[in-house]
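Novice: Sequence:
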Amino acid sequence: MAVPVPVPVPEPDPTPPRRTHAGVFLVGSALVVVALAFGVLYFALFTRPEARPEAPPPPPPLSLTIATLEGPVEVFRAGAWAPAAAGSRLAASDRVRTGAGARATLRLSDGSTVSLEPMTETQVQALDRALSRIRLGAGLVQADIADDPGRLFQVDLDDDGAAARTHGAAFAITSNGAGGAAAVSASRGQVTVAARGREVVIRSGEITRVAPGAAPTAPEPLPAALLLKVAWPQRPLHAPSAVVEGETEPAARLEVQGRPTPVGADGRYRVVVALREGENRVTVRARLAGAPTREERSPPITVDTRTDFKVQIPRWK
Numbered sequence: 032m033a034v035p036v037p038v039p040v041p042e043p044d045p046t047p048p049r050r051t052h053a054g055v056f057l058v059g060s061a062l063v064v065v066a067l068a069f070g071v072l073y074f075a076l077f078t079r080p081e082a083r084p085e086a087p088p089p090p091p092p093l094s095l096t097i098a099t100l101e102g103p104v105e106v107f108r109a110g111a112w113a114p115a116a117a118g119s120r121l122a123a124s125d126r127v128r129t130g131a132g133a134r135a136t137l138r139l140s141d142g143s144t145v146s147l148e149p150m151t152e153t154q155v156q157a158l159d160r161a162l163s164r165i166r167l168g169a170g171l172v173q174a175d176i177a178d179d180p181g182r183l184f185q186v187d188l189d190d191d192g193a194a195a196r197t198h199g200a201a202f203a204i205t206s207n208g209a210g211g212a213a214a215v216s217a218s219r220g221q222v223t224v225a226a227r228g229r230e231v232v233i234r235s236g237e238i239t240r241v242a243p244g245a246a247p248t249a250p251e252p253l254p255a256a257l258l259l260k261v262a263w264p265q266r267p268l269h270a271p272s273a274v275v276e277g278e279t280e281p282a283a284r285l286e287v288q289g290r291p292t293p294v295g296a297d298g299r300y301r302v303v304v305a306l307r308e309g310e311n312r313v314t315v316r317a318r319l320a321g322a323p324t325r326e327e328r329s330p331p332i333t334v335d336t337r338t339d340f341k342v343q344i345p346r347w348k
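Take the position in the sequence shown, starting the count at 1, then add 31; the result is the number in this note's numbering.
Hints listed in this document are in silico derivations from the structure and should not be mistaken for laboratory results.
No experiment lies behind these values; they were computed from the predicted model shown.
Backbone N, C-alpha and C fix where the C-beta goes; we use that ideal spot for every residue, glycine too.
There could be a bad hint or two in this list.
Ranges of calculated distance between the beta carbons of each label pair, as one might list FRET restraints [said to hold, decoys possible]:
id : residue 1 : residue 2 : range
1  : Gln156    : Ala131    : 21 to 31 Å
2  : Ala116    : Asp335    : 41 to 51 Å
3  : Arg229    : Arg120    : 35 to 45 Å
Between the sequences and the hints, there should be enough to build the whole structure, so can you do that?
Specialist: See the structure below:
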């Protein structure tokens, strides 16, 4: 009897089978594709592009118009003076003047206003968003400027750099024109007044003065009463004119019979007034930026040019 011979069984190889390079590449590529697809799906489902804020539209250009007028008001442009019209628009270099008893209000497109009192002349210098400027030739202006930290409003007082500027305030200015004194007062906010290398800041209830060729004075409270002295003719006159003289604030705006009258650096003034036959009354008015107006009226002044006055030469015996 044959005896079976045992067949040896091979033991399993503990070393894991090797993967070919091609297989590894395929598996890696598949994983990358899956990851990208998942990222795209996640972005589409769970994220939204951030909305970019739209740029604000540029502000409209600043404009200046004659809002209201009363009495004879004129505008100078194209080399000639012409009657002004309410609602007309002003441009840089235009000049506006008010006659005796006339007034005008200029309005900026931001709501700011500049009021011109009688016998006042001003010129538009610039109308930019960053800087708006006017030049006060002579007279009295009252400005109410809207608060705007990014914009400066300036009033030039002469051609040598004297100016009042603010980012928003209510203020008044009187000026006696070229070679005359000026005064600036504030009733709201603050105003910087500069001249001859010096700057002062005035606030509500304060005033500063700028004499010709001088720096602005230190701020001080507005005067409760304005100085005004008048020497009237005392005797009957035999000519159709008389001299009126006196003293007032050097920076005051003085009018005699409604006409501007120069005031000296010492505050003295002297003017010849035309009179009519018979009884006359003469009015002298002084105005200072922000201060109460002061007015004086003469007693009756009689003019008699019809009486025949003959000089009698004495006869000597």
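Novice: With reference to the structure, classify each hint as holding or not holding.
Specialist: Results for each hint:
Distance hint check for Gln156 and Ala131: the Cβ-Cβ separation is about 26 Å, which falls inside the suggested range of 21 to 31 Å. Between Ala116 and Asp335, the C-beta spacing of about 46 Å keeps the proposed range 41 to 51 Å intact. In this structure the supplied range 35 to 45 Å holds for Arg229 paired with Arg120, their Cβ-Cβ distance being about 37 Å.
Hint compliance for this structure: every hint is met.
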